[in-house]
Amino acid sequence: MTTVSKTVELNMGPQHPSTHGVLRVVLELDGERVVKATPVIGYLHTGIEKTMESKLYYKALPATDRMDYLSPMSNNLGFCLAVEKLMDIEIPEKVKWVRVCLAELTRIKSHLAWVGTHALDLGAMSMLLYAFRERESIIDVYEACSGQRMMSSYIRIGGLAQELPEDFDKLVRKVIKQVAQGIKDYEDLLTNNEIFINRTKNVAVISAADALDYSLSGPMLRGSGVNYDVRKANPYSGYEYFDFEIPLGKNGDAYDRYLIRLEEMRQSLRIIQQTIDGMPEGPYRAHLPGIVLPPKEDVLYKMESMIFHFKIITEGFKAPCGGVYQAIEAPKGELGFYIQGDGTNKPNRVRVRPPSFINLASLPKLVEGRLFSDVVCAIGSIDIVLGEVDR
Amino acid sequence: MLEVIIASSIKVVFVLAAVLTGCAYSTYLERKVVGHLQHRIGPSYAGPYGLLQPIADAVKLMFKEDVVPDKVERVTFALAPIISFAPALLTFAVIPFAKDDNVFGYDVKMVLSDLNIGILFVFAITSIGVYGIVLAGWSSGSKYSLMGGIRSSAQMISYEVSYGLSIIGVILIANTLSLRELVDQQASTSIWFFANWYVFKQPLGFLLYLTCAIAETNRLPFDLPEAESELVAGYHTEYSSMRFAMFFIGEYANMLAVSAVGATLFFGGWQGPFVNEVPFIGMFWFALKVFIFMFFYIWLRGTFPRFRYDQLMNFGWKVLLPLALFNTMVTGLIVVKGWF
Chain A
1 MTTVSKTVEL NMGPQHPSTH GVLRVVLELD GERVVKATPV IGYLHTGIEK
51 TMESKLYYKA LPATDRMDYL SPMSNNLGFC LAVEKLMDIE IPEKVKWVRV
101 CLAELTRIKS HLAWVGTHAL DLGAMSMLLY AFRERESIID VYEACSGQRM
151 MSSYIRIGGL AQELPEDFDK LVRKVIKQVA QGIKDYEDLL TNNEIFINRT
201 KNVAVISAAD ALDYSLSGPM LRGSGVNYDV RKANPYSGYE YFDFEIPLGK
251 NGDAYDRYLI RLEEMRQSLR IIQQTIDGMP EGPYRAHLPG IVLPPKEDVL
301 YKMESMIFHF KIITEGFKAP CGGVYQAIEA PKGELGFYIQ GDGTNKPNRV
351 RVRPPSFINL ASLPKLVEGR LFSDVVCAIG SIDIVLGEVD R
Chain B
392 MLEVIIASSI KVVFVLAAVL TGCAYSTYLE RKVVGHLQHR IGPSYAGPYG
442 LLQPIADAVK LMFKEDVVPD KVERVTFALA PIISFAPALL TFAVIPFAKD
492 DNVFGYDVKM VLSDLNIGIL FVFAITSIGV YGIVLAGWSS GSKYSLMGGI
542 RSSAQMISYE VSYGLSIIGV ILIANTLSLR ELVDQQASTS IWFFANWYVF
592 KQPLGFLLYL TCAIAETNRL PFDLPEAESE LVAGYHTEYS SMRFAMFFIG
642 EYANMLAVSA VGATLFFGGW QGPFVNEVPF IGMFWFALKV FIFMFFYIWL
692 RGTFPRFRYD QLMNFGWKVL LPLALFNTMV TGLIVVKGWF
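Protein chains in written order, with the working numbering: chain A, 1 to 391; chain B, 392 to 731.
By construction, these hints were calculated from the structure, which means they are not laboratory data. Values in this document were obtained by computation on a predicted structure and should not be read as measured data. Some clues are possibly wrong.
[Claimed, not checked] 20 Å max Cα-Cα, derived EDC-like pairs, lysine to aspartate or glutamate:
1) B:Lys709 to A:Glu194
2) B:Lys534 to A:Glu194
3) B:Lys709 to B:Glu551
4) B:Lys451 to B:Glu421
5) A:Lys201 to B:Asp701
6) B:Lys534 to A:Asp30
Can you build the whole structure from these sequences, using the hints too?
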């Protein structure tokens, strides 16, 4: 008698508690072992890139919030830096510092959501609520700055949407204190937890060579020990002024990525502390009539300002011909914007290099031959946001 | 004869009501405790402190539509919740819950059935519960449910042996299988009312029992059969309405059952201060001990991540089973040599 080995095809998603949105993974299972994994994407496709091409430059900005909705400020920053590069705009010092501060707050916010959901995937339910408790204090900063808790659109082309709130300093210091304490709590709950180590160590492993081949970035790449961080390799928005370290992993497994993300949060706190302590004085927008909106008081009392305001709002500004690529180190990896101007007031082409999408491509490599439970761990440790994967 | 029937009926109604209320309020306890562990306040709308929440839940579940998917095996699909629910309740038939007393001139044994092999009965009955889960997983016609069912059976095989061995120590020392006698043996008249509890003579046995009991009841960190982040809801993915509620109550009844057995075996059951003066107070001590067990369960759930399938099996066979065998051997040696 011969035995016939048959595999089972299991549809994981698009509605599944731990695919972090509407990711669908078609799994071929031999018992609990994964023979083949095929991620299927596109369930959250909103055509953001194409939408941006049909909008004035400043009107395309809010669309970026909706890509990686867990780190809107980073997306804003990437897009604004790209447009500023295209327009060759010089940014006031204060704006750079504020942007770095907000980008790092966003990194912490995104990593907090990650550590919470990842632990939830592994069954540690309380972590989610602890992480979201700390995240709330960062959302308070968002709210104070822009009036929005989620889709902030606070960083604008040429500066910021409005002057920083008066209690910005106080709120950010509160975040630093609270998050530092929070990270200690997470360490107590997870870092030395035998079950957590069992679940993440040597799981979802990717070697440095493979990571480079898959063109991974962010903690996924640094977890494998490759020292590449856009903030150090290609400083933007004044990152060269600040003192911070890039944590690196050794094994390239889920546990290393966890440690890296925790350490990145601590380093982000360091950067935020430096920006808060040494924040320079100055305007919150570049003075560039015709490209950047003039201050509101001027619009009310000065005729030229009012005309510029009217012209920018109605017809935007014309960008020169040519393409620029600007990458930033978003919480999930290298987020790049390629923008092609064609002399009109709308971009001819906008192309985003989304870190989630490219990191997700490594999923089959991470899980094939592993157990079903490891798929959940792998998806979690990649840290994807489907809004960004599908755009 | 009539008196016996009446007395038994009253006892049955009392125990059943107590257990079902216990189940309902265990869900309340769980939600409140986990809520406070997670910086939330838990249910608070229905009644004062949300105390009516379990009733609201029950009403909601009763009036929900009972969805039966097309491709289910209807008979087993309907039977499975009952199989998983009933054994959990049966366990309470042999657990003594207070000191025997004279009520209205009648001597009443505070146990439904004073079975002389009570503990064997408990272990035989609780093992049946897993069939409910396996059958539910198989008959649902869903791959997630099937995986939950398979995991459950594998988990059962790995843990049942250690579970059984973990209490052998107590039985060897006590030299009886009757739960009532076990409780009597743990009595102590001194100020150290807990001096004779078996937990001090069988600490390893107790830890093994506790661990296996968690696996037995499919609670975190061993809740693989339902593992909501992996298998959606595991074996009860396709269930709704009261059928789902029966699994739910079954799970809590199981928790209560293993807590009650644990309290009886290792913590002297209803024994405690003043039980000789006021026999009814035994009920309170018993409830308190069960509550502490339940709290521990819920605490674990609020703290730990979940094991992986293969790690769970490794843990069961390579850690728990050798330890249980070791414990049995050492206890046997001590009993034979008469060192106790």
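So, going through the hints one by one against the coordinates:
Restraint check: the Cα-Cα separation between Lys709 of chain B and Glu194 of chain A comes to about 16 Å, which is no more than 20 Å; the hinted pair holds. This hinted pair does not check out: Lys534 of chain B and Glu194 of chain A have alpha carbons roughly 30 Å apart, beyond 20 Å. Distance check on the hinted pair: Lys709 of chain B and Glu551 of chain B sit about 14 Å apart at the alpha-carbon level, within 20 Å; holds. The hinted pair formed by Lys451 of chain B and Glu421 of chain B meets the criterion: a straight-line CA distance of about 19 Å does not exceed 20 Å.
A distance of roughly 14 Å separates the Cα atoms of Lys201 of chain A and Asp701 of chain B; the hinted pair therefore holds under the 20 Å criterion. Our distance criterion of 20 Å between C-alpha atoms is met by Lys534 of chain B and Asp30 of chain A, whose separation comes to about 12 Å.
Comparing the model with each numbered hint stated earlier shows that hint 2 is the single one that does not hold.
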